[in-house]
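**Student:** Here's the letter readout for the chains.
Number of protein chains: 2
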Amino acid sequence: MSLNMCVLCHPWLRGKTLHPSVDTCKTVGHLAFMIARSKRTEIVERGLDLVHRGSFASSGVAAITAAAGAPKGSFYNHFESKTAFGIAIVDQYFDNVRSTLGSILSENTDQPIFGIRRYFSLLRELGARDRYARGCLIGNLGAESSSAEDAIRLHLNRRLAEWTSILATAVAAAQRAGEARRDVPAAVLAAILLDAWQGALLRAKVERKPAGLDAFLDVLLPALLGQASA
Amino acid sequence: MSLNMCVLCHPWLRGKTLHPSVDTCKTVGHLAFMIARSKRTEIVERGLDLVHRGSFASSGVAAITAAAGAPKGSFYNHFESKTAFGIAIVDQYFDNVRSTLGSILSENTDQPIFGIRRYFSLLRELGARDRYARGCLIGNLGAESSSAEDAIRLHLNRRLAEWTSILATAVAAAQRAGEARRDVPAAVLAAILLDAWQGALLRAKVERKPAGLDAFLDVLLPALLGQASA
Numbered sequence: 001m002s003l004n005m006c007v008l009c010h011p012w013l014r015g016k017t018l019h020p021s022v023d024t025c026k027t028v029g030h031l032a033f034m035i036a037r038s039k040r041t042e043i044v045e046r047g048l049d050l051v052h053r054g055s056f057a058s059s060g061v062a063a064i065t066a067a068a069g070a071p072k073g074s075f076y077n078h079f080e081s082k083t084a085f086g087i088a089i090v091d092q093y094f095d096n097v098r099s100t101l102g103s104i105l106s107e108n109t110d111q112p113i114f115g116i117r118r119y120f121s122l123l124r125e126l127g128a129r130d131r132y133a134r135g136c137l138i139g140n141l142g143a144e145s146s147s148a149e150d151a152i153r154l155h156l157n158r159r160l161a162e163w164t165s166i167l168a169t170a171v172a173a174a175q176r177a178g179e180a181r182r183d184v185p186a187a188v189l190a191a192i193l194l195d196a197w198q199g200a201l202l203r204a205k206v207e208r209k210p211a212g213l214d215a216f217l218d219v220l221l222p223a224l225l226g227q228a229s230a
Numbered sequence: 231m232s233l234n235m236c237v238l239c240h241p242w243l244r245g246k247t248l249h250p251s252v253d254t255c256k257t258v259g260h261l262a263f264m265i266a267r268s269k270r271t272e273i274v275e276r277g278l279d280l281v282h283r284g285s286f287a288s289s290g291v292a293a294i295t296a297a298a299g300a301p302k303g304s305f306y307n308h309f310e311s312k313t314a315f316g317i318a319i320v321d322q323y324f325d326n327v328r329s330t331l332g333s334i335l336s337e338n339t340d341q342p343i344f345g346i347r348r349y350f351s352l353l354r355e356l357g358a359r360d361r362y363a364r365g366c367l368i369g370n371l372g373a374e375s376s377s378a379e380d381a382i383r384l385h386l387n388r389r390l391a392e393w394t395s396i397l398a399t400a401v402a403a404a405q406r407a408g409e410a411r412r413d414v415p416a417a418v419l420a421a422i423l424l425d426a427w428q429g430a431l432l433r434a435k436v437e438r439k440p441a442g443l444d445a446f447l448d449v450l451l452p453a454l455l456g457q458a459s460a
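Residue numbers (the working numbering), protein chains in the order written: chain E, 1 to 230; chain B, 231 to 460.
Same shape as in the complex, but just chain E (with noise of 0.2 Å):
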């Protein structure tokens, strides 16, 4: 751990558990610091959500200073904008992003499709709990991008390109083990996964109920990876 560091700000602690109490904290003597950084983090925290369950247009920073507790005027000590705010939720979004997506896929090295279905289908539950109110922060946000700055949408190309990476490791074990057609780069496949999967998060969005997702579960995914044309 950086000795720069409180433990508290460590980033694996990030959006786990927060500072309990200043008071009762045994620090090296970064209190201002931590509590600049832990003040951040919330207003990241909060404010994600809000955008999560609105949209990012409709989120004003008074609102979003208010869900994390802090004075509005507060939001630009830490961000330098209402874009760079923007930027740093589509960043703690996709930390999660990736760690659920490396974590699902390195546990089944040995059957990479099922690896590919089973993250598919632990968003589909995890969609579930709201109702799939709320879709992909990532997607919801890229439907808003003409609006928002450019810089947000860009930022949100590249978080996508890596998502697409990240699956597409996987398609390639999938096309190595003859679990699925190779006459398409694995690459092309998971970013079609992606965008299919996105538009099914949308229809379950204002549908509120599961069937496109269920659909791209059991028809689209079989036949896109399936071995017909390879």
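Keep in mind that a hint or two might mislead.
Think about it this way: if two alpha-carbon atoms lie no more than 20 Å apart in a straight line, the pair counts; the simulated DMTMM-like pairs of lysine to aspartate or glutamate are [unchecked claim]:
hint: 1; chain 1: E; residue 1: K72; chain 2: E; residue 2: E42
hint: 2; chain 1: E; residue 1: K209; chain 2: B; residue 2: E379
hint: 3; chain 1: B; residue 1: K439; chain 2: E; residue 2: E149
hint: 4; chain 1: E; residue 1: K209; chain 2: B; residue 2: E392
Hints in this document: simulated from the structure, not taken from any laboratory.
Given the coordinates of chain E, assemble chain B onto it according to the supplied hints.
**Tutor:** Then chain B, alone, in the frame of chain E:
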């Protein structure tokens, strides 16, 4: 044509030719109604464009009326609420969806798969005009739907069902003609096509490139409808 309806207000003229000059119009004496109708149409058309380029949440009543050259206060003469306006722009947009899809499919009844492919190819070409920046209005509002009024979400739901139903008729024809797999109901295949298209369009919007749309046309469409599992 209904006797109660001015030629300029007739449905098939809406959105095509606006009245050039009220002074020179030979009407049957219902000018006030006609002017109101025309102004409402203009608010719907200009407002639709504004929302399509941005988002519903970020398009305020003042901006919508300003785009139509109408005073802000006149908005509620035409719409009960912003939600009612949202429903009106969905209908205006869907009128185009329905007529475009319907005419392409009816021109290709002998080759239903060709008609389906031609429809999505046309959408790709239309999207290229603004480098895919706007995406689909129905998809965008779907992504926003948790923040919008629930009435808009329910209306999108109805319109998506209608869209799916028209496409399903063509898929069923393709199944009968032996051009598409028959082990999955046409309605399910049509819904997956629209979902996957929405997702591909979303990626095109983020990337400002047609890669996802091309992958849909070249890989997904044949893989999904192919007869591999028929």
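**Student:** Return the numbers of the hints above that this structure violates; sort them in rising order.
**Tutor:** none
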